[in-house]
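Engineer: Could you build the full structure based on these sequences and the hints that come with them?
So the protein sequences, as listed, match chains D and X.
Letter 179 of the first sequence, counting from 1, is numbered 179 in my numbering, and no numbers are missing.
Letter 133 of the second sequence, counting from 1, is numbered 351 in my numbering, and no numbers are missing.
Source of the hints: derived by calculation from the structure; they are not laboratory data.
All C-beta atoms, glycine included, are put in the ideal place defined by N, C-alpha and C.
Wrong hints could be hidden among the right ones.
[What the hints assert, rightly or not] Between beta-carbon pairs, the in silico distance windows are:
hint	chain 1	residue 1	chain 2	residue 2	range
1	X	R253	D	D160	23 to 31 Å
2	D	A11	X	A240	48 to 56 Å
3	X	I439	D	D107	52 to 60 Å
4	X	A373	D	S20	25 to 33 Å
5	X	A373	D	D109	26 to 34 Å
[Stated by the list, open to error] Calculated Cβ distances over 12 Å to all of chain X for the following chain D residues:
hint	residue
6	G56
7	R124
8	A172
9	H187
10	V208
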Amino acid sequence: MLFELRDVGLARSGRQVLDSVSVEIPAGATAIVGPSGAGKSTLLRLLNRLADPDAGSVAYGDRPLAEYDPLELRRRVSLVPQLPALLDGTVASNLSYAAELARIELDCDRCLVLAGLDPEFAERDVSRLSVGEQQRAMLARALAQRPEVLLLDEPTSALDHAARDAIEATLAELRRELRISLVVVSHDPEQARRLGEWVVRLEAGRAVAAGPLERVPA
Amino acid sequence: MSGSIHVDLWQVAASLVLVAIAIAISRRRQADLERDIAVATVRSIVQLTLVGYAIKLIFEADTIWLVLVLLSVMVLFGALTARSRARTVPGAFWPLLIALSIAAASTLGLVVALGIFEPTPRYLVPVGGMVIGNAMTASAVALNRLGDEVGDSRARIEATLALGATAREAALPIVRRALRSGMITLVDSTKTTGLIFFPGTMVGMLLAGASPTDAVRLQLILLYTLLGSVAIAGLLATTLAYRNFFTPAQQLREPAEAPA
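Structural biologist: Next comes the structure, spelled out in structure tokens:
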């Protein structure tokens with residue numbers, strides 16, 4: 001198993017956001033589905049230790065997350081947030097920042113192409129990009145670290161249909177080309193069906209179903 | 219450096235005519251400040267008279283220990299006041315206390331070590347008061363800005379942490395802007411000093427009968443001393459306080475449920 005969550009609980013502002021969640025997430029493409037407020041994004045943030053659970057444990061590979069250096073873990077398990085949040089500067093400067101953190105030599109053009117952006121975007125200032133382009137630049141920045149797993153939080157929620165289809169095609173391509181594992185949070189069952197091979201369904205902070213797409217419909 | 223002048227009580231009392239004019243204007247335009255002006259006037263009389271007696275005592279005792287006690291009390295109240303203006307920063311008191319203490323100790327220590335001022339109460343009390351007051355304002359402004367920036371930039375900070383950046387790296391642009399906003403007021407007023415306004419020390423020395431050359435030189439020394447203390451206080455306050463927004467596992471803490 002890629003990730004294994006056992007009895008995970010987490011409360012925020014007196015509300016139980018995750019409640020005794022025990023699920024397994026295999027390598028490949030997993031969709032985390034459920035209504036808004038079900039705890040999907042919170043669960044995703046636990047997987048690279050942007051937050052820690054109050055109770056229970058999360059393991060990546062065979063080791064508990066607590067045994068990893070959080071900085072090293074985040075470079076291997078990269079989270080792309082719901083809304084683009086690039087650093088001031090050019091697309092290239094954002095990518096090289098990420099590559100430097102991971103101590104990896106940057107192939108900027110390849111990362112941009114993988115994320116579905118033309119290499120000429122490298123020198124564009126991020127403030128001049130559309131939301132869809134920013135989202136792709138975020139994806140390219142994550143790829144600059146050559147992560148093993150990409151965690152994607154509602155990757156197309158801010159986009160129109162055409163941009164959404166293009167990002168989904170890009171993600172499918174990444175799966176095929178890099179054999180990278182994806183964990184995608186989505187409130188859209190159609191998208192979960194298109195992207196996921198494995199489905200985890202959350203409702204009101206509880207995991208109500210988990211399994212392969214054919215057994216657990218999104 | 220200067221002769222001294224004598225001010226009679228009737229002269230102070232006569233200046234209250236200007237306060238009466240301020241109250242009359244407030245009443246006439248219904249600015250609703252009459253009460254505040256009255257309270258401010260009474261407080262200024264009481265507070266300055268008390269401080270005056272305290273300083274007189276310290277000058278007469280002529281011992282460095284009393285000066286240190288007075289400056290320590292100023293630093294403590296400065297840190298408490300600055301904390302009340304930086305409510306969005308968790309645990310702001312200790313960073314502020316450390317920032318003000320070190321800013322005061324290092325700048326005063328330096329001007330004494332360089333031989334600019336003698337280590338006597340006559341110099342250390344007024345200069346120390348200015349140094350601590352300015353350092354307090356600057357670090358309060360800087361931390362206030364820091365809290366606002368962290369609140370506004372949560373998404374960007376988390377996105378940077380998600381790349382495996384340390385809390386320090388993720389907070390760097392914000393800490394930089396906070397320090398800048400704490401220092402900019404003094405830097406700007408130093409630029410325009412003499413053109414748009416006469417600084418207080420110079421005015422005081424001219425009134426007390428000092429030569430304009432001496433007044434200007436002393437004013438310059440004080441401006442540069444204040445620049446140094448404001449920079450040290452701002453740097454320490456922001457550098458120590460930003461850490462309180464993060465956990466040891468380099469996670470951004472949830473915003474406080476209720477302001478402290």
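Engineer: Confirm or reject each hint.
Structural biologist: Here is what the structure says about each hint:
1. X:R253 <-> D:D160: 23 to 31 Å: violated (59 Å)
2. D:A11 <-> X:A240: 48 to 56 Å: holds (54 Å)
3. X:I439 <-> D:D107: 52 to 60 Å: holds (56 Å)
4. X:A373 <-> D:S20: 25 to 33 Å: holds (29 Å)
5. X:A373 <-> D:D109: 26 to 34 Å: At 28 Å between Cβs, range holds.
6. G56: holds (16 Å)
7. R124: At about 18 Å from chain X, R124 (chain D) clears the 12 Å cut-off, so the statement holds.
8. A172: Label holds. Min Cβ-Cβ 23 Å, cutoff 12 Å.
9. H187: holds (19 Å)
10. V208: Non-interface label on V208 (chain D) holds, nearest chain X Cβ at 26 Å vs cutoff 12 Å.
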